[in-house]
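Enquirer: Top to bottom, those sequences are chains A, B and C.
Residue 1 is where the first sequence starts when you use this note's numbering, and the numbers rise one by one after that.
Residue 1001 is where the second sequence starts when you use this note's numbering, and the numbers rise one by one after that.
Residue 2001 is where the third sequence starts when you use this note's numbering, and the numbers rise one by one after that.
Simulated from the structure, these hints should not be mistaken for laboratory data.
Fair warning: there could be bad hints in the mix.
[What the hints assert, rightly or not] Reference listing, derived: stretches of chain B covered by chain A, where coverage requires no fewer than 3 residues with Cβ under 8 Å from a Cβ of chain A:
(1) 1007 to 1021
(2) 1081 to 1094
[Said to hold, decoys possible] The calculated lysine-lysine pairs, modelled on DSS-like cross-linking and capped at a C-alpha distance of 30 Å, are:
(3) B:LYS1190 / C:LYS2064
(4) A:LYS130 / C:LYS2096
(5) A:LYS184 / A:LYS10
(6) A:LYS134 / B:LYS1021
(7) A:LYS134 / A:LYS113
(8) C:LYS2064 / B:LYS1021
(9) A:LYS143 / A:LYS113
(10) A:LYS130 / B:LYS1190
(11) A:LYS134 / C:LYS2064
(12) C:LYS2096 / A:LYS143
[Claimed, not checked] Ranges of calculated distance between the beta carbons of each label pair, as one might list FRET restraints:
(13) B:ILE1228 / A:GLY187: 30 to 38 Å
(14) B:ILE1228 / C:GLY2143: 58 to 66 Å
(15) C:PHE2095 / A:ARG244: 54 to 62 Å
(16) B:ALA1229 / C:LEU2151: 32 to 40 Å
(17) C:VAL2185 / B:TRP1134: 30 to 38 Å
(18) B:ALA1240 / C:TRP2253: 52 to 60 Å
(19) B:ALA1229 / C:VAL2248: 27 to 35 Å
(20) C:TRP2253 / B:ALA1197: 50 to 58 Å
(21) A:ALA112 / B:THR1189: 31 to 39 Å
(22) C:THR2060 / B:PHE1116: 38 to 46 Å
(23) A:PRO170 / B:SER1171: 30 to 38 Å
C-beta atoms are modelled at their ideal positions from N, C-alpha and C, and glycine is treated no differently.
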Amino acid sequence: MTGERVISAKGLAKRYDAFEAVKGIDFEVRSGEVFGLLGSNGAGKSSTMRMIGCVSRPTSGELRVLGMDPVKDGSRIRGRIGVCPQFDNLDPDLTVRENLYAYSRFFGIPRAKGRRRADELLEFFEIADKAHGKVAAMSGGMKRRLTIARALINNPEIVLLDEPTTGLDPQARHLVWERLHQLKRQGITLILTTHYMDEAEQLCDRLVIMRSGRFVAEGSPASLIRTYTQPEVVELRFASDDLRALAEKVDDLGRVEVLPDRLLIYTDRGNDVAARVRDRALGPSSVLVRRSGLEDAFLALTGRDAR
Amino acid sequence: MTTSSLAVMERHLIAYRRLWKSSALSAVLTPVLFMVSIGVGVGGFVDEVDGVPYLAWIAAPLLLSAVFQQTAQESTSRVFHELNTTRTVHAIVATSAGVRDVLVGRLLYLMIRVQFSTVCFLAIAACFGAVRSWWILAEPLVAAAVAIATALPLTALASTITDDTYLPAVSRLITVPVVLFSGILFPPTKLPEWAAAAVYASPLWHGVDLARAAALGQRPDWPLWAHIAVLGVWSAAGYALSSRILHRRVYDGNS
Amino acid sequence: MTTLAPSPSRVRAITSRNISALRSGPEYWVTVLSGVFEPLMYMLAMGVGLGSLMTSGHWTVDGKEVSYLQYIAPAMLASAAMSGAVSETLIHFFFKLRYQHTFEGMLATPIRPVDIVAGELLWALIRSAAYIAVFLAVIATLGVTTPARALVVFPAGFLVSFAFGALGMVVATRLRGPQDFDAVVVGQLALFLFSGAFAPLSRYPEPLHTLAALLPLYHGVELVRGTAFGHLSLALAGHAAYLLALGVGCLTWTARRIELGDD
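Based on the provided sequences and hints, a complete structural model is requested.
Expert: The structure is reproduced here in structure tokens:
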């Protein structure tokens, strides 16, 4: 844990009429940290983010952001954080640069400073050449960059990023990641939700996995992989369809998971296991040994059923 | 009023910069067209009303009807789209600015537009001989009061709508009847009693009575304090309601 | 000309898409009923309210004296027919054309532009016809016209819808964007206010008088008013021919333009 505590939550819960989106979660975020919320759609990530962003009142529990109470000091907290919501809500009536400038004014930033800051951010996110164009004419990746740029207009201490790269092409994602790394180096606290495991692994110091409004695991990406899965995975594919029968023949080699198209064996020593599978002459059509990732830990924790 | 309210006004003005020519033209042209079509065309068949020619009798009220329609448009479909389509309101309230700034900022912006069309129209109406008293200088105040008493209740209504097919119905079932029956073209005393009672509840009628009295230098039908009271009640109730509804919509009830 | 002939079955497909899109909920009825409500309100406010300020005996159609309410009722019908058709073919059509890209999806099927134009217009006419029918029923009940006259007036109102429906499409293809809607609204208002709906055009000074007589709604108002109270005359045939020519001309132009892929 690095700096001082900037967010703390105890028993935080959010209910919408009959639906309980967040069912009592406890967490702390320290300054300079990159904290990730992982989970499937509907796990409660966005509701949690909205409560931290002071645009949604907690139903119960305690929440402090920058030492203040979001219910009483919403406006003051919002003045010190930046928000990139899940869906872009850029202003279509304004140009790209005007979007940043008008937004700076909502924070009470003086005109000249707002213009300067807008230009800096346009440069930083490589969209300066679009400054005087319409928002509607931008690609999805550019709009996302503009939304993130907008979240930084007030030099926030905490930035909330709700699925910052969903729907972006690989180039655009990498550009966003690079910029987020730079922000991290500047010491800004980042809180992000994502369902991309590579993104979480790349960016987060610490993350929690959410499922149905609760935390099911918490830790650094490496510790989560260590705790919830073996370091390596052997993936076996067969010509035969009867994978269950084949699974019984290798279940002494490690934890075996049967998927519709292949078998996974979780193990400490992948190459040994692969060699022993070959020795048994089961005739796999392919054998792949790879390192375990966050995705394996995530699936082990939340299950494979798509919801 | 805070700096954040001014920032919201600034946002509206920046967006308006690209639209103002056509919008201002229509704001001024609409009452002028009515004045010529009805005032000149029909006016000759109408006896004097309250001792003045018909054209002069309807001129200042026509301005108020244009102010009312401009405000209604801005407070219904505009508010609807910013809440449901572009979600600009959600973007604003995620900053230091809050619901109050969204409401007050839009009112300030509306004031600027309304004052502009008021001055332009009065200049034209004066050429038609429809301005007969120095009390006309009070007209901008009347226009502002009507705009506020209209904008806030309609914003509250528009904030409850989530399906845009209902928007034309709001205009046809509320805006148009209010314009037609608020004593602009004929006095509400010509209506059956129950209908006249409904007219006296409309903020537009109170503005119309004041605007007409100011333009003609006559005493209004109702005392000044009664007009101020009704317009004040609409404004206060509209503010309280729209503020509560918007809070619920954008903050899930947060402050 | 053969490429411009719409196919009846494809036109029907476009029209029924619109009908089913609207039949999905209570909004449909709110939309239709409120569309009739507006011109009726105008008729009552002007006819009864403003009419009460007038001395009698000024209003005649073909030399026959009528009340002010009767004088403007047909004109309100003509204006309702206009705005019913225009709101569908201009504003709605514009959004489908530019923003919803409804037609691009359709053009990937055997449906051709001309089918779309005809189908959209047919849909607008169905809606206007419903407006006209309800409006006539109400004014017949109020005693402003007789049921027999209403039957004659209906096709006249329908012709007005046709002409303005087609004209609306031409305007829709020429709009630069929603910023032009203000101009459209003022334009429509000007047509309405200077159509002779409220007073004979002779009341207006020149050149306003002559200019207004060239505008399409004037001919719509004269046609509907003439069929409602007057006798059939060559002048009425002239108004009808003007509207028919306008409608056919606009329709042909729009189909050509969409065929060329200008939009």
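Enquirer: Give a verdict on every hint.
Expert: Hints, verified against the model:
1. 1007 to 1021: holds (count 7)
2. 1081 to 1094: Coverage by chain A holds here, the residue count being 8 at a Cβ distance below 8 Å.
3. B:LYS1190 / C:LYS2064: holds (27 Å)
4. A:LYS130 / C:LYS2096: holds (28 Å)
5. A:LYS184 / A:LYS10: Since the Cα atoms of A:LYS184 and A:LYS10 sit roughly 26 Å apart, the hinted pair holds (cutoff 30 Å).
6. A:LYS134 / B:LYS1021: holds (20 Å)
7. A:LYS134 / A:LYS113: Judged against 30 Å, a Cα distance of about 22 Å means the pair holds.
8. C:LYS2064 / B:LYS1021: violated (46 Å)
9. A:LYS143 / A:LYS113: At roughly 23 Å apart (the allowed maximum being 30 Å), A:LYS113 and A:LYS143 satisfy the hint.
10. A:LYS130 / B:LYS1190: violated (60 Å)
11. A:LYS134 / C:LYS2064: With Cα atoms ~60 Å apart, A:LYS134 and C:LYS2064 exceed 30 Å; violated.
12. C:LYS2096 / A:LYS143: Between C:LYS2096 and A:LYS143 the Cα gap is close to 24 Å, so the pair holds against 30 Å.
13. B:ILE1228 / A:GLY187: 30 to 38 Å: violated (56 Å)
14. B:ILE1228 / C:GLY2143: 58 to 66 Å: violated (43 Å)
15. C:PHE2095 / A:ARG244: 54 to 62 Å: holds (55 Å)
16. B:ALA1229 / C:LEU2151: 32 to 40 Å: Taking Cβ atoms as reference, B:ALA1229 and C:LEU2151 lie about 52 Å apart, which means the hint is violated.
17. C:VAL2185 / B:TRP1134: 30 to 38 Å: The hinted range 30 to 38 Å holds for C:VAL2185 and B:TRP1134, with Cβ atoms some 34 Å apart.
18. B:ALA1240 / C:TRP2253: 52 to 60 Å: holds (53 Å)
19. B:ALA1229 / C:VAL2248: 27 to 35 Å: With a Cβ separation near 58 Å, B:ALA1229 and C:VAL2248 fall outside 27 to 35 Å, so the hint is violated.
20. C:TRP2253 / B:ALA1197: 50 to 58 Å: holds (51 Å)
21. A:ALA112 / B:THR1189: 31 to 39 Å: About 58 Å separates the Cβ atoms of A:ALA112 and B:THR1189, which means 31 to 39 Å is violated.
22. C:THR2060 / B:PHE1116: 38 to 46 Å: For C:THR2060 and B:PHE1116 the Cβ distance comes to about 43 Å; the hint holds.
23. A:PRO170 / B:SER1171: 30 to 38 Å: violated (47 Å)
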